[in-house]
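Novice: Sequence:
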Amino acid sequence: MPHETRADLQLTIDLMKRLRQIRGVENSYGFSIIYPGTEMETMAKQLGIFPPDFSWNSPYESVKYKLVGVDKSLPLMEWPGAEIETVKTYLTRQLGLGKSPAKKLWIKIKKIKSFKDIGQLLKIGFKFLLNK
48 MPHETRADLQ LTIDLMKRLR QIRGVENSYG FSIIYPGTEM ETMAKQLGIF
98 PPDFSWNSPY ESVKYKLVGV DKSLPLMEWP GAEIETVKTY LTRQLGLGKS
148 PAKKLWIKIK KIKSFKDIGQ LLKIGFKFLL NK
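Here the sequence shown stands for residues 48 to 179, where the numbers follow the working numbering.
If you're looking for bench data, these hints aren't it; they were derived computationally from the structure.
Some hints here could point you the wrong way.
[Said to hold, decoys possible] For lysine-lysine, the following BS3-like pairs were computed, each having C-alpha atoms within a straight-line distance of at most 27 angstroms:
| id | residue 1 | residue 2 |
| --- | --- | --- |
| 1 | Lys174 | Lys157 |
| 2 | Lys174 | Lys92 |
| 3 | Lys151 | Lys170 |
| 4 | Lys163 | Lys174 |
[To be verified] Quick list of simulated restraints, FRET-style, between CB atoms:
| id | residue 1 | residue 2 | range |
| --- | --- | --- | --- |
| 5 | Pro127 | Gly166 | 13 to 21 angstroms |
| 6 | Leu94 | Ile69 | 33 to 41 angstroms |
| 7 | Leu176 | Pro83 | 16 to 24 angstroms |
| 8 | Lys157 | Gly84 | 37 to 45 angstroms |
| 9 | Ala149 | Glu86 | 38 to 46 angstroms |
| 10 | Asn104 | Ala54 | 32 to 40 angstroms |
| 11 | Ile69 | Gly166 | 42 to 50 angstroms |
| 12 | Ser105 | Gly71 | 40 to 48 angstroms |
| 13 | Asp118 | Trp153 | 20 to 28 angstroms |
Ideal Cβ placement from N, Cα and C applies to all residues, glycine included.
Generate the whole structure from the sequences, applying the supplied hints.
Specialist: Structural data, given as structure tokens:
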């Protein structure tokens with residue numbers, strides 16, 4: 048949810064781990080999708096999440112979302128300190144999900160199609176290393 052802190056996120060992770068232990072529940076997580084006409088859309092505009100040329104009437108695609116493995120066509124809510132790549136890295140580590148970092152890197156490298164993709168991948172890599 049918008050403006051959750053790292054402590055809020057950790058409470059959710061702890062609950063997910065506990066449910067897995069006592070009930071064998073397999074968990075998944077998702078990100079908040081921004082919809083037109085909602086309070087979240089207003090917040091996203093104020094935070095500058097949308098690109099300057101964004102329009103609900105035009106196709107939308109985020110290279111960053113594609114590189115972290117979420118639907119690239121949906122505008123997702125993020126804010127300083129809780130960018131999609133930061134939250135996904137934290138959740139994956141805390142829940143023990145996903146492939147090894149080396150395998151993920153190789154998969155991402157194979158998906159590179161432009162210099163913009165390289166820049167986004169480097170940015171995500173630096174954030175990954177800083178959050179380690």
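Novice: Run every hint past the structure and note whether it holds.
Specialist: Verification of the hints:
{"no.": "1", "hint": "Lys174 <-> Lys157", "result": "20 angstroms, holds"}
{"no.": "2", "hint": "Lys174 <-> Lys92", "result": "24 angstroms, holds"}
{"no.": "3", "hint": "Lys151 <-> Lys170", "result": "15 angstroms, holds"}
{"no.": "4", "hint": "Lys163 <-> Lys174", "result": "17 angstroms, holds"}
{"no.": "5", "hint": "Pro127 <-> Gly166: 13 to 21 angstroms", "result": "20 angstroms, holds"}
{"no.": "6", "hint": "Leu94 <-> Ile69: 33 to 41 angstroms", "result": "38 angstroms, holds"}
{"no.": "7", "hint": "Leu176 <-> Pro83: 16 to 24 angstroms", "result": "36 angstroms, violated"}
{"no.": "8", "hint": "Lys157 <-> Gly84: 37 to 45 angstroms", "result": "39 angstroms, holds"}
{"no.": "9", "hint": "Ala149 <-> Glu86: 38 to 46 angstroms", "result": "41 angstroms, holds"}
{"no.": "10", "hint": "Asn104 <-> Ala54: 32 to 40 angstroms", "result": "39 angstroms, holds"}
{"no.": "11", "hint": "Ile69 <-> Gly166: 42 to 50 angstroms", "result": "44 angstroms, holds"}
{"no.": "12", "hint": "Ser105 <-> Gly71: 40 to 48 angstroms", "result": "44 angstroms, holds"}
{"no.": "13", "hint": "Asp118 <-> Trp153: 20 to 28 angstroms", "result": "22 angstroms, holds"}
In this structure, only the earlier hint numbered 7 is contradicted, and the remaining ones agree with it.
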